[in-house]
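Enquirer: Listed below are the residues making up each chain.
Number of protein chains: 2
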Amino acid sequence: MTDVKMPLRDLRFVMREMLGSDAHYASLGYGEVTPDVVDAILEEGAKFCENVLAPLNQIGDQQGCTWSDGEVTTPTGFKEAYQQFVEAGWPALPHNPEYGGQGLPPSLGTVLSEMVGIANWSWGMYPGLSHGAMNTLEAHGTTEQKSTYLTKLVEGSWTGTMCLTEPHCGTDLGILRTKAEPGPDGAYAITGTKIFISAGEHDMTENIVHIVLARLPDAPEGTKGISLFIVPKFLPNSDGSVGERNRVVCGSLEHKMGIHGNATAVLNFDGAKGFLIGEPNKGLNYMFTFMNTARLGTALQGLAHAEIGFQKSLAYARERLQMRSLSGTKNPQGPADPIIVHPDVRRMLLTQKAFAEGSRMLVVHCAQLVDITYRGSEEAKKEAEDLLALLTPIAKAFITEVGFESANLGLQCFGGHGYITEWGMEQNVRDARISTIYEGTTGIQALDLLGRKVLLSQGELLRRFTKKIHKFCQAEIDNEALAPFVTQLQALNKQWGDLTLQVGSKAMENADEVGAASVDYLMFSGYTVLAYLWARAARAANLKLAEGADEADFYRAKVATARFYFERILPRTTSHATAMQSGAASLMELDAAHFAF
Amino acid sequence: MTDVKMPLRDLRFVMREMLGSDAHYASLGYGEVTPDVVDAILEEGAKFCENVLAPLNQIGDQQGCTWSDGEVTTPTGFKEAYQQFVEAGWPALPHNPEYGGQGLPPSLGTVLSEMVGIANWSWGMYPGLSHGAMNTLEAHGTTEQKSTYLTKLVEGSWTGTMCLTEPHCGTDLGILRTKAEPGPDGAYAITGTKIFISAGEHDMTENIVHIVLARLPDAPEGTKGISLFIVPKFLPNSDGSVGERNRVVCGSLEHKMGIHGNATAVLNFDGAKGFLIGEPNKGLNYMFTFMNTARLGTALQGLAHAEIGFQKSLAYARERLQMRSLSGTKNPQGPADPIIVHPDVRRMLLTQKAFAEGSRMLVVHCAQLVDITYRGSEEAKKEAEDLLALLTPIAKAFITEVGFESANLGLQCFGGHGYITEWGMEQNVRDARISTIYEGTTGIQALDLLGRKVLLSQGELLRRFTKKIHKFCQAEIDNEALAPFVTQLQALNKQWGDLTLQVGSKAMENADEVGAASVDYLMFSGYTVLAYLWARAARAANLKLAEGADEADFYRAKVATARFYFERILPRTTSHATAMQSGAASLMELDAAHFAF
Numbered sequence: 001m002t003d004v005k006m007p008l009r010d011l012r013f014v015m016r017e018m019l020g021s022d023a024h025y026a027s028l029g030y031g032e033v034t035p036d037v038v039d040a041i042l043e044e045g046a047k048f049c050e051n052v053l054a055p056l057n058q059i060g061d062q063q064g065c066t067w068s069d070g071e072v073t074t075p076t077g078f079k080e081a082y083q084q085f086v087e088a089g090w091p092a093l094p095h096n097p098e099y100g101g102q103g104l105p106p107s108l109g110t111v112l113s114e115m116v117g118i119a120n121w122s123w124g125m126y127p128g129l130s131h132g133a134m135n136t137l138e139a140h141g142t143t144e145q146k147s148t149y150l151t152k153l154v155e156g157s158w159t160g161t162m163c164l165t166e167p168h169c170g171t172d173l174g175i176l177r178t179k180a181e182p183g184p185d186g187a188y189a190i191t192g193t194k195i196f197i198s199a200g201e202h203d204m205t206e207n208i209v210h211i212v213l214a215r216l217p218d219a220p221e222g223t224k225g226i227s228l229f230i231v232p233k234f235l236p237n238s239d240g241s242v243g244e245r246n247r248v249v250c251g252s253l254e255h256k257m258g259i260h261g262n263a264t265a266v267l268n269f270d271g272a273k274g275f276l277i278g279e280p281n282k283g284l285n286y287m288f289t290f291m292n293t294a295r296l297g298t299a300l301q302g303l304a305h306a307e308i309g310f311q312k313s314l315a316y317a318r319e320r321l322q323m324r325s326l327s328g329t330k331n332p333q334g335p336a337d338p339i340i341v342h343p344d345v346r347r348m349l350l351t352q353k354a355f356a357e358g359s360r361m362l363v364v365h366c367a368q369l370v371d372i373t374y375r376g377s378e379e380a381k382k383e384a385e386d387l388l389a390l391l392t393p394i395a396k397a398f399i400t401e402v403g404f405e406s407a408n409l410g411l412q413c414f415g416g417h418g419y420i421t422e423w424g425m426e427q428n429v430r431d432a433r434i435s436t437i438y439e440g441t442t443g444i445q446a447l448d449l450l451g452r453k454v455l456l457s458q459g460e461l462l463r464r465f466t467k468k469i470h471k472f473c474q475a476e477i478d479n480e481a482l483a484p485f486v487t488q489l490q491a492l493n494k495q496w497g498d499l500t501l502q503v504g505s506k507a508m509e510n511a512d513e514v515g516a517a518s519v520d521y522l523m524f525s526g527y528t529v530l531a532y533l534w535a536r537a538a539r540a541a542n543l544k545l546a547e548g549a550d551e552a553d554f555y556r557a558k559v560a561t562a563r564f565y566f567e568r569i570l571p572r573t574t575s576h577a578t579a580m581q582s583g584a585a586s587l588m589e590l591d592a593a594h595f596a597f
Numbered sequence: 001m002t003d004v005k006m007p008l009r010d011l012r013f014v015m016r017e018m019l020g021s022d023a024h025y026a027s028l029g030y031g032e033v034t035p036d037v038v039d040a041i042l043e044e045g046a047k048f049c050e051n052v053l054a055p056l057n058q059i060g061d062q063q064g065c066t067w068s069d070g071e072v073t074t075p076t077g078f079k080e081a082y083q084q085f086v087e088a089g090w091p092a093l094p095h096n097p098e099y100g101g102q103g104l105p106p107s108l109g110t111v112l113s114e115m116v117g118i119a120n121w122s123w124g125m126y127p128g129l130s131h132g133a134m135n136t137l138e139a140h141g142t143t144e145q146k147s148t149y150l151t152k153l154v155e156g157s158w159t160g161t162m163c164l165t166e167p168h169c170g171t172d173l174g175i176l177r178t179k180a181e182p183g184p185d186g187a188y189a190i191t192g193t194k195i196f197i198s199a200g201e202h203d204m205t206e207n208i209v210h211i212v213l214a215r216l217p218d219a220p221e222g223t224k225g226i227s228l229f230i231v232p233k234f235l236p237n238s239d240g241s242v243g244e245r246n247r248v249v250c251g252s253l254e255h256k257m258g259i260h261g262n263a264t265a266v267l268n269f270d271g272a273k274g275f276l277i278g279e280p281n282k283g284l285n286y287m288f289t290f291m292n293t294a295r296l297g298t299a300l301q302g303l304a305h306a307e308i309g310f311q312k313s314l315a316y317a318r319e320r321l322q323m324r325s326l327s328g329t330k331n332p333q334g335p336a337d338p339i340i341v342h343p344d345v346r347r348m349l350l351t352q353k354a355f356a357e358g359s360r361m362l363v364v365h366c367a368q369l370v371d372i373t374y375r376g377s378e379e380a381k382k383e384a385e386d387l388l389a390l391l392t393p394i395a396k397a398f399i400t401e402v403g404f405e406s407a408n409l410g411l412q413c414f415g416g417h418g419y420i421t422e423w424g425m426e427q428n429v430r431d432a433r434i435s436t437i438y439e440g441t442t443g444i445q446a447l448d449l450l451g452r453k454v455l456l457s458q459g460e461l462l463r464r465f466t467k468k469i470h471k472f473c474q475a476e477i478d479n480e481a482l483a484p485f486v487t488q489l490q491a492l493n494k495q496w497g498d499l500t501l502q503v504g505s506k507a508m509e510n511a512d513e514v515g516a517a518s519v520d521y522l523m524f525s526g527y528t529v530l531a532y533l534w535a536r537a538a539r540a541a542n543l544k545l546a547e548g549a550d551e552a553d554f555y556r557a558k559v560a561t562a563r564f565y566f567e568r569i570l571p572r573t574t575s576h577a578t579a580m581q582s583g584a585a586s587l588m589e590l591d592a593a594h595f596a597f
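So the sequence lines, in the order shown, correspond to chains A and B. If you read the first sequence in full-length UniProt numbering, its first letter stands for residue 1, the second for the next number, and so on. If you read the second sequence in full-length UniProt numbering, its first letter stands for residue 1, the second for the next number, and so on.
These are calculated hints, taken from the structure and not from any lab test. This structure is a prediction, so every number in the text was calculated from the model and none was measured. Please note: incorrect hints may appear among the correct ones.
Note: identical chains are not told apart, hence a pair may lie in one copy or across any two.
Cut-off 25 Å, straight-line C-alpha distance, at most; resulting in silico cross-link-like pairs (DSS-like, lysine-lysine) [stated by the list, open to error]:
1. K224 x K468
2. K506 x K330
3. K282 x K79
4. K224 x K330
5. K471 x K179
6. K273 x K256
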């Protein structure tokens, strides 16, 4: 089995050379975040991920988590790795210094999370969910709640969870039933069952802070009657130490296809003591803070599995000798040629490469927008928020879809060996499979994108982004090296707007047209966004080549991958466009009773 | 968990109403295969599959096979189910009456295999591999070999395997190393290691007949120096009973992503006694008999997983209440609407339906061609063989690719529950994943199709098929109900030929153009073949509707599904066409050393 390496060179390309992170940090007043500091963080993070987390990835899959009488034991080494993570101060990296955080840019946290995810996604979910809980508390908690809970989460001695789903509702939180009854002391008694709670119970920390959606007795029906509560596993004493056990118990763990190292808990709340976050009945709004974090976090998962698949299948394709090249023997000393000589193996490798590297661009781009929402001017903030609103569902759904495709291509490069556990390729596929589901399925992201973000804003959010693409194309129109990319991108950009108008006008007649077009629309959007980013990457690489920079092979490979993306991957937009233009009729005409006989 | 049902109504539609199986059997002299006999076989088979095999599917996944000191124990119930299968005479169904077979048409065996596969693919591989071994012996064994081995295989008291792969070679059998040394008694001593041997060791029968590829001492290098041997686990006594243990031992079982119920064995041959099949050095040619059986058999696997995914996700989508329809509440009494009201859920269901039912048409069509290769006139035989040569790689690769896609869509319809083991959807995905790999990966099938079948025949094999499509379109050109299908099909059919010419002419300059285009070419071909079959299905259904037949809803659903296929799925051909037209350059320009830094 090949070890994974952290893609430091590519991260530096994307962050610094393509997306100008040094100037970006400086402009947001992160004077201390010099290039050296960034490099040091990347390198230290990479060491930890390669040396500590990656070796536990397969162990986590094989052992899984074990439940006994409400207590959960994580796989061998997980707890110790978490201790090291805490001792190095990683949980505090992007958080508020008032509560012990290091106050570094969120985008550095994202890059760290990518590396953690590549090394060991299941392990990374423990601090990952905590991170979501921290963001929620930071945004909506009282000062007292922050000092009691956030401080512990930031130092990493406690972890957090997010408790949304119930057996009868996942997508449709409006029908959730968990109830919260006010008590005499200002606290609430929380009663109900939550399922699919990632990192919901474990042995890594002395306490777990559950952030729980529940309904007050007098709450209105639907999504407008949901409130948000802090429900700690152990109630904290006034000195911050861990006190009485709260009435929330892990009833069981789910048996899952993958991410075995992470405990997916059924949590039974039986009058557990909970503390209201913010105002009553605004819980779902607050939860969106977490959801946006979580959606970008899940986009990272697609990226991580694409990167793992790519790295491992590339190593295998360079070594595995099988058949001769059709265009003449390439390895005359050996019994056969390495399979990387075969065009179709290259197609599979390049597809993974284009998706892994392209997704990295999109994630870092989004992460820089998040930085701006924290530190930018009011105007810049608003602009970044709007752009994030558009890009988040695309990043989440598109990257996880192509991440799963990539993980499968990685497996496929191994032939029969890919199906065998020891190589790790099938674990990569199993782990990846959840990413298109949780934090809102691809279908839900697609409705969010087309319905809420694009059509509800009358196309305004989209126009702001397509204008950026248009500007880029205009600026590069005379750049001969970019011509093939710019021409295609410009046409696509226009088509994106046209398709939006078409769907929008049909949707006024029949709301089902939105759902009928949505996933094809989302995938079309994703391919277009990545085309824009690949064109920018090619531009950045060409500039370096023109400067006569070292590492010319690295930059040439970037341009070659951009070319591959435009020639081989981008044609997929045509199918999505035609499919969505066919409208809702062929989907809706069949009576539900007549789907099968 | 929903139980699967055998798709008897659809099988009858495809076999009888669409592909005229009654006349087909009569024309081949199968006078005894009346409609009643066919129905009885289907119904008996369905009962066995639903009542005996299906309940063991999840058990097989959870228990897997266990190895101890060279012996393998299959999951609980597998052995007993096999005994029932043998007692009912199922293994004998399509085989030669001279050796105990029932002499029924191979296509009936295929339909039985489909049902077995839907019920329990892992279990079905034990008789499935046996079936391949039987076909090989029937075609190439001596009378003595047949009476010794084939008789036992046909009655089912022994099973067979096919031993091709070695640790260093799967696709590239030319470099295999297992050696066969002639002994004084006319037998051979076989020495070497074979891996990935499905059903390679088990406790279901008293003996296992391995069909093994090996190399004689004086054999030429490469694929022209491979011979084929019978290597029984126990050497038979002259009275047919099981005698001395042969020197072939199962060294271990692989740990796999799925198909846990089937034992994937490492077999160590240590001077095991083997018996030559046919002439020396012709083993690979003989093996093609098995391979063609196995490839159609694997196409069935794609179909089976699509059918399972479709049935289970349909049942779930009808019951699961989540969100309201965007076009107005459909289930006002309930807290939410069943998810089948949502257009994107319908898209996922209809995609599975179109692939499951369309794949069934292609498999039954191929199976009828196999019937003709057994019983047709010399001319009809030749024509059927040529058509099968073209369609087999398409059926194998295309159906397994869309089968895997369908299995994943099935899982997706369940949301988070799809990722949980108990629902069976994730097993369906894991089981399906191997199908695009074994018996030749999608890449290998694509090279076989484009390189060997299409270009090597100067397009002749393809032209014969596109002529059939052309004829169909000509005949239906004035059929108004079919107009939208026929117009699209005719254009696609022409494009298929044009693309072939383009790739062929590029390939004369650069052989890598074949590999660069191959998988896109194969997928394009698959979508086109299915379009032809869906158009024929719509025609058959329209005829029934015009006749005023009962079950109008069934026939209308066929036409609606054809429409969905043409409007929503067929646009994918455009992307494949554009991608393959981009040629080899973007795949080949990057140096193998520069794929990652």
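Enquirer: If a hint holds in the structure, say so; if it doesn't, say that too.
Expert: We went through each hint and held it up to the structure:
no.: 1; hint: K224 x K468; in the structure: neither (36 Å within a copy, 61 Å between copies)
no.: 2; hint: K506 x K330; in the structure: between (55 Å within a copy, 21 Å between copies)
no.: 3; hint: K282 x K79; in the structure: neither (35 Å within a copy, 59 Å between copies)
no.: 4; hint: K224 x K330; in the structure: between (66 Å within a copy, 22 Å between copies)
no.: 5; hint: K471 x K179; in the structure: neither (51 Å within a copy, 67 Å between copies)
no.: 6; hint: K273 x K256; in the structure: neither (30 Å within a copy, 45 Å between copies)
Checked against the numbered hints given earlier, the structure breaks hints 1, 3, 5 and 6 and satisfies all the rest.
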